[in-house]
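So the chains spell out like this:
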Amino acid sequence: MTHLTETTILTKPKGPRMIDFSAPRHRKKFGYLLLAPAVILMALIIVYPILLSVDISFQDVRIARVGASDKPWTLDNYRWLFASHEFWRACWVTAKMVVFVGGTALVIGLATALLVNQKFKGRALARLFVALPWAVPEVVATVIWAWMLDSSFGVVNWALLRLGIISEAIQFSQNSTAAFFAVCVVMIWKGYPLMTIMLLAGLQSIPEEQYQAAKVDGASVWQRFWYVTVPNLAPVMGVTLIMTTLWVFRDFAIIHVLTGGGPLGATTTLSIMTFEQSFSYFRMGQGAAVGVVTMLICAFISRALVSRFASKSH
Amino acid sequence: MTHLSKITVMGAFAISTALTALPAVSETLVFVSWMKDEPGYGDWWNEIIAEYEATHDGVDIEMTRVARDDYANAMFTMFAGGSPPDIVHLAAFEYQPFADEGWLEPLDAWIENSELDLTGWAGQGTCEWDGSTYCIMLLYTGYIMSFNEQMLADAGIDAAPATWDEFLTAARAITKDTDGDGLIDQYGIGLPTKGAGSVMHSMLNFVLDAGGAWTVDGEPTFNSPETIEGISRFKTIFVEKLSPPELGSGDVRQLFIEGRVGMTVDGPWVYNIVKGASDDIRPDLKLAKTPFSPPVGGTSNVLGMPSDLSDDKKQLVWEFIELATSEQFQQRFATLGSSPAPRPGLDYSEEIAKDPYFALFDAANTDAAAAGIDRLPKGLEIEFAEVSKIVLEETQRMLIEDLEPAEAGQRMQDRVLALK
Amino acid sequence: MQRSKLGQIGIYTAVIVTVVLLLFPIYWMTITALSPANQLRSFPPVFFPEEPQWGVFSELLATQPFALWLKNTILIAVATMILALSVSILAAYALSRYRLRGGATIGMFILTSKMLPATLLVIPFFAIFKQMGLVGSLWSVVITQSTLIVPFCTWMLKGYFDTIPEELEHAALVDGCSPFATIFRIVLPVAAPGLAATALYAFVISWSDFLFARTFLQTSESQWTLNMGIAALKGEYITDWNVIMAASLMASIPILLVFLVLERFLVGGLASGAEK
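Listed in order, the protein sequences are those of chains A, B and C.
If you count the first sequence from 1, position 210 lands on 212 in our numbering, and the numbers rise without skipping.
If you count the second sequence from 1, position 368 lands on 996 in our numbering, and the numbers rise without skipping.
If you count the third sequence from 1, position 219 lands on 222 in our numbering, and the numbers rise without skipping.
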């Protein structure tokens, strides 16, 4: 990511309307031209909605209608937010979920990537299978798991009972811990394959000579893993972790369908809280405040992670 | 850069215009409903639409289905985004925030001009908000009990339960593990508890029977002794595992027609579902008066129009509403939906002759209406979603921490009062 | 080579156990779809139905506009892929080859789009597309999805472009080739594996979309996608798990096939990009 962190000073170019982009002095202009579609798309689809949400979050409104006249700005929604027990609980739930889902998905992703990176017959097929859940649409994944985790007739409860792990069927609506882990399991199932794919790609770009050199120095399998594989994978791990973290922060469908945020708020993340305030309770001002704060938290985390991993890789 | 971005913006607009510039040949009324293709009511809507299009040249009605689970959100997005459907169909417990925002057209002038007489129209009182009429009630129902006669007989119960005690006894007798693997696979009761609204709704059966109510004269009464008795009965059912947990209302009906639960309490629409059961079970499935008195009843769904339509379109939509409320189509409603229509003075002798259950539905309606029952608590309409979330959470807390129902009732009361 | 034989057996066992565990939900979807409705809620569960009910598929096709949903989903996925790819190719090339002022800001900005709680943005999105007259048009979903996909695609492609030596392009420019033509004639052919990987990513993500389709296309039934159809099947009056699973299976098969064909490019295409 070298170019992202470097800045150069652009001299103001003057010239005729028709610009010869191959001329050296217009090279940068051409660069901006190439970037323009992405920037325009982003400005339209990302910036405007953010500004609108920030605006709504400062208004004391139940239902804000786009294009309607604004109410005066106030900090009421933020005052409510920081005083609300629900908000802090949602932060805690989100943090737990991010750490648990991110960590487990990383472990499974790394384990499966290392496994299918071995040389064996049928390896291509194994790689395909291991990454398959990634291609299953989220709606489909959610209905499958909703059915498997059914409290009365689900196959998961049955299997746990038969294996003697539990003595009584788990009621996901009456067990905060079970509900939390149910949501996490589904997220991990949907989230680990991207880790596998990215880490596998990372593994393949590690030069074989480094392993050979380590072998010559008498490094054990574990030592080779810690001193060759892990440092080489660090940048990829960083990027995939950021992606997974942000995905858990944003995800709505899985939790909404499986638990609706319950029981007693055990699975109410910031994203669910945003939705609940805006759409269930018709308190859009408060909902927007939750959303804006969520966005700031995410920006802060990714900023921290990006600079950390960016510095590590150089 | 500036003229470059200008060109791009113009280009984007040109493309978007080209994409949408379809020739407008006729007027289309957009009608969104969760009832499309449902057995019974869906057919009724189709008949109205066919009749309307036949009598209105050049006007098409585009009926679109939106799943019930997403319904309020979808409507909310459409209204807030400035593009509501032309014909507004909403559940009776969710129209109030829309009316409160001024998104719905007050219908008083329209009703007066077309001389529509709404005296005695079942549940129409619910359509009044802030002194104006915002909608026309389409359905008011009293709940009935459906039961599996064979399962009751196998458990040694030979008559449909008629009181709470008999209901509880029967439920205990039916609930068992039929194949001896240690897991209960046959339940006495199917009670929907999935989703915030359904816990409150299911609990209301017992609260009403115990003489309680969510509100009295608009003031919350979650902690009255009668309401607490109702909460206590609900707790008994789930503590003793007489109903499978976490069912949606769709799951309950499915389990009932599969012969896995013995008794359910539901609206008359359950009859259309029972008709779809497989041949070996259908003869065992019977309907009866609920063992609870008064029965849960309530306004179900309403029809209205958005306030920001053009006058021409409003006229077209009103004509649609007039057709739906006409005597002819109210009679069809009773026939197709197998439930009494809200319009007073209809003759149901034909329906009753065709199907004896119709008298049962009619009686349940009359009982619920006479007791002035509505599942939407008066005085809490705007906060209804939050109130049902509170009831859900405190019920879960009661079951998880095994709290006394009185404590749960008190917590509900405190939290609801804090909302207001 | 005794040890390696043992090792091989170990690897195969590990692979089989892993694959069985991870793919069980997909298997369970298939079995549920093929089981008769009244056997679904039984203990022990039926792991292999004696008489698979193939009729459920034809019944679905007869009662639901499945072909229409499929067509819409394909149109959205293909259009999203093309739009997202075109935009990201240009942006990635610019970020890879030109040291642009504000490049860091733009890079950060691009990443930002990954952080938005989508539920917060639904109403602003709806208003924007309403103004453009695109509510109810597949374009609304295509444009939103593309925008959200572009950041990752740009990052992937930039990594890939960085590995391609610049000398080729200089030579082409000296030969009088225009900068645009250089990208298309020189850079893209070399970057084909990276492009395939990015295309697959865009395709899979847009096939999975539900929130935006639900928001923009809800009221025009002729524009529904497969995911919306599945959600609608979980209707208000009754829950038929076998029908829902049959629909889910049919909605997944096309994307699983695409994945089957293009998966090898995904890892290969990413491998070069991942170094950066």
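Do not rely on the hints blindly, as some may be mistaken.
Simulated crosslink set (DSSO-like; lysine-lysine; CA at most 27 Å straight-line) [what the hints assert, rightly or not]:
(1) B:822 x B:917
(2) B:664 x C:74
(3) A:31 x A:121
(4) B:863 x B:664
(5) C:133 x B:942
(6) B:917 x B:1006
(7) B:903 x B:917
(8) C:133 x A:73
(9) B:822 x B:804
(10) B:869 x B:804
(11) C:133 x A:121
(12) C:8 x B:664
(13) B:822 x B:664
(14) A:98 x B:822
(15) B:914 x B:822
(16) C:133 x B:941
(17) B:917 x B:863
(18) B:664 x B:869
(19) C:133 x A:217
(20) B:982 x B:917
(21) C:8 x A:123
(22) A:73 x B:1048
(23) B:914 x B:804
(24) B:903 x B:1006
Computed from the model, here is a short list of chain A residues facing chain B with C-beta under 7 Å [as the list claims (entries may be wrong)]:
(25) 87
(26) 265
(27) 281
It is worth saying that the hints were derived from the structure and are not from the lab.
Positions of the beta carbon are idealized from the N, C-alpha and C atoms, including for glycine.
Inset, instruction - Return the numbers of the hints above that this structure violates; sort them in rising order. - result: 3, 4, 11, 12, 18, 19, 24, 25
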